[in-house]
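Trainee: We have chain G; now place chain U onto it with these hints.
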Amino acid sequence: MKPVLLIAVNFVREQRWPIFVLLLWVLLLAFLGLFSDIRRQREDLLFVFKQVAVYVIAFSVFFGGSAIYNERKTRRILAVLSKSVARYQYLSGLVLGVTIASAIYCFALGITGSWTLGEAGFPASQVWFLMLCLLAACMLAGTVALTFSTFLNPFFAAGATAAVLGLPALASQTIAPQWQYAIPVYPLAVTIMKSSFTSPGGAFWPPLGLAVVETLVFWALSARIFSLVDIAVAVE
Amino acid sequence: MATVLEFESVTKEYRSFPSRRRLRALDSFTLRVEAGEIFGFLGPNGAGKSTAIHLAMGFMRATSGGGHMLGKPFGDAHARRRVGFLAENVALYHRRSERLVRFYGALNGMGGTHLAKRAREVLTGVGLQDQAKRNVGKFSRGMLQRAGLAQALVNDPELLILDEPTSALDPLARVTVREILLKAREAGKTIFLSSHLLSEVELVCDRVAVLHRGRLVRLGRTEDLLQSTEKTEIVARGIATSAFTGAVAQDGVVSFSVPARTQRAVLERVWNLGGEVVSVNPVRRSLEEIFLEVTSDRESSVGEGRQ
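Quick note, the sequences are listed as chains G and U, same order. According to the working numbering, the first sequence is numbered sequentially starting from 1. According to the working numbering, the second sequence is numbered sequentially starting from 1.
Looking at chain G on its own, in the form it has when it is part of the complex:
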């Protein structure tokens, strides 16, 4: 477990600037809360909150899709994997790192959201449930991207991830609504996007649990693929 934690913390440290940039969006929400009339502009606040929340899903794809590529390109991965670190532990560290990076963001957004939206009448408990949904969506999206990045470059990995996350959403619109739960990033994002002051929504847990289970499945799949990859070969 120790190498996994070390790799995860190191990943967050290496991604500190993108995380910082992300947190600036949360800061924007906090500024809006400080300098606007919360009661009168509550719909605007909720709109910004939803937008800022959904950005992090895209960022988690970016984090997951580029992690292995960057490490291989800089050859830093060699010094790490020359230690007593198995490939699956390395992958677990990256999954945990993406989760921690997303969790930092979700926590900051949760604090800011429960303060600003809470004052405008949105239930604080629902803000935290939405943050859990967001974190689960980020975990799954990041892990899917990581899986593709074990054998594709970040550009193609992002494309493949978008397809895997988007196709069930498309199928739910055209074939049957149940398809959205095949890869539940879409229903989790919809839970966030559809919440409103008049109808904040309840705590619907199944997509959240499904996202956690699928994260584990994709983690196992990525670990299996990564164990077969020649990591010392140039990635360009």
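Certain hints may be false.
As the list claims (entries may be wrong) - Just so you have them, the derived chain G footprint on chain U, three or more residues with Cβ under 8 Å: (1) 53-67; (2) 74-82; (3) 107-115; (4) 202-212.
To be verified - The calculated lysine-lysine pairs, modelled on DSSO-like cross-linking and capped at a C-alpha distance of 30 Å, are: (5) U:138 with G:73; (6) U:133 with U:183; (7) U:133 with G:73; (8) U:72 with G:2; (9) U:183 with U:117.
Keep in mind the hints are simulated off the structure, nothing from the lab. Quantities reported herein were computed from a predicted structural model and do not represent experimental measurements. The C-beta atom is built at its ideal place from N, Cα and C for all residues, glycine as well.
Mentor: What follows is chain U alone, placed relative to chain G:
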């Protein structure tokens, strides 16, 4: 003596994309490295040295064949706990050098005050004790290589695998690295050293292997390889330099080299000319001569059927 590193008929092919053309980097490569020796691993660029090392470390998988490192199959994470590795073109995270060494030590299961003490020790050992608080990102290439060596040494490894450890170092730092290697051998460690600096290899290595185009073309004890069996140097007095081709007079004696197979006839000729033989020794060659010899005369024969 126990075998520490063992390649068993390893072949590694790379496939180019999108043509799927095959490039054979290692071809039925077999080698055994024994415990307690410093083993020199030589070869021109593209010979397959780094590929062999990466296979041993588990960074890639062999197309066929396999091997063992410290008694475990290549790629075993537990075996790597007892191994120190320095890659060619070392790349490390940008953080303070002492913290960096501690990070790599912690990845190997070390911790607490022992790790902190060991990190300081190895940084002192590679001459970076004054740079412990400095960010590695600001290091020169030579300093970076020394930091890389420190992270390789932090777990006090039984087997040290070094890929071009002295390539970016100044002469003074090279001497330091040489001393570290010799000290490690005295402590019973095994060192697998890939290098282009043949003079360094000649100075420290007990055995040497030369790899060319993925094949092992020379293997032996360094001393044995340097002793030529093909030429003999004869030193004599009381003869004219004109009597033998290439003879040189110095300090009252004449010295010249002859093919070993003609040695007896030449000695008789010296005596017939009234001369006195002072010494007869096999010619000592440099590793560079051997390297050039084995890597040039196999260009055509070994190259066939590689791609």
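Trainee: Hint by hint, note whether the structure agrees.
Mentor: Checked hints:
1. 53-67: It holds: at least three residues are needed, and the region 53-67 of chain U offers 6 whose Cβ sits within less than 8 Å of chain G.
2. 74-82: holds (count 4)
3. 107-115: That given contact holds, which follows from 4 residues of the region 107-115 of chain U lying within Cβ reach (below 8 Å) of chain G.
4. 202-212: violated (count 0)
5. U:138 with G:73: holds (20 Å)
6. U:133 with U:183: Holds, because 26 Å separates the two Cα atoms, which is no more than 30 Å.
7. U:133 with G:73: holds (27 Å)
8. U:72 with G:2: Status holds; Cα separation ~23 Å.
9. U:183 with U:117: Satisfied, since the Cα-Cα distance of roughly 19 Å is no more than 30 Å.
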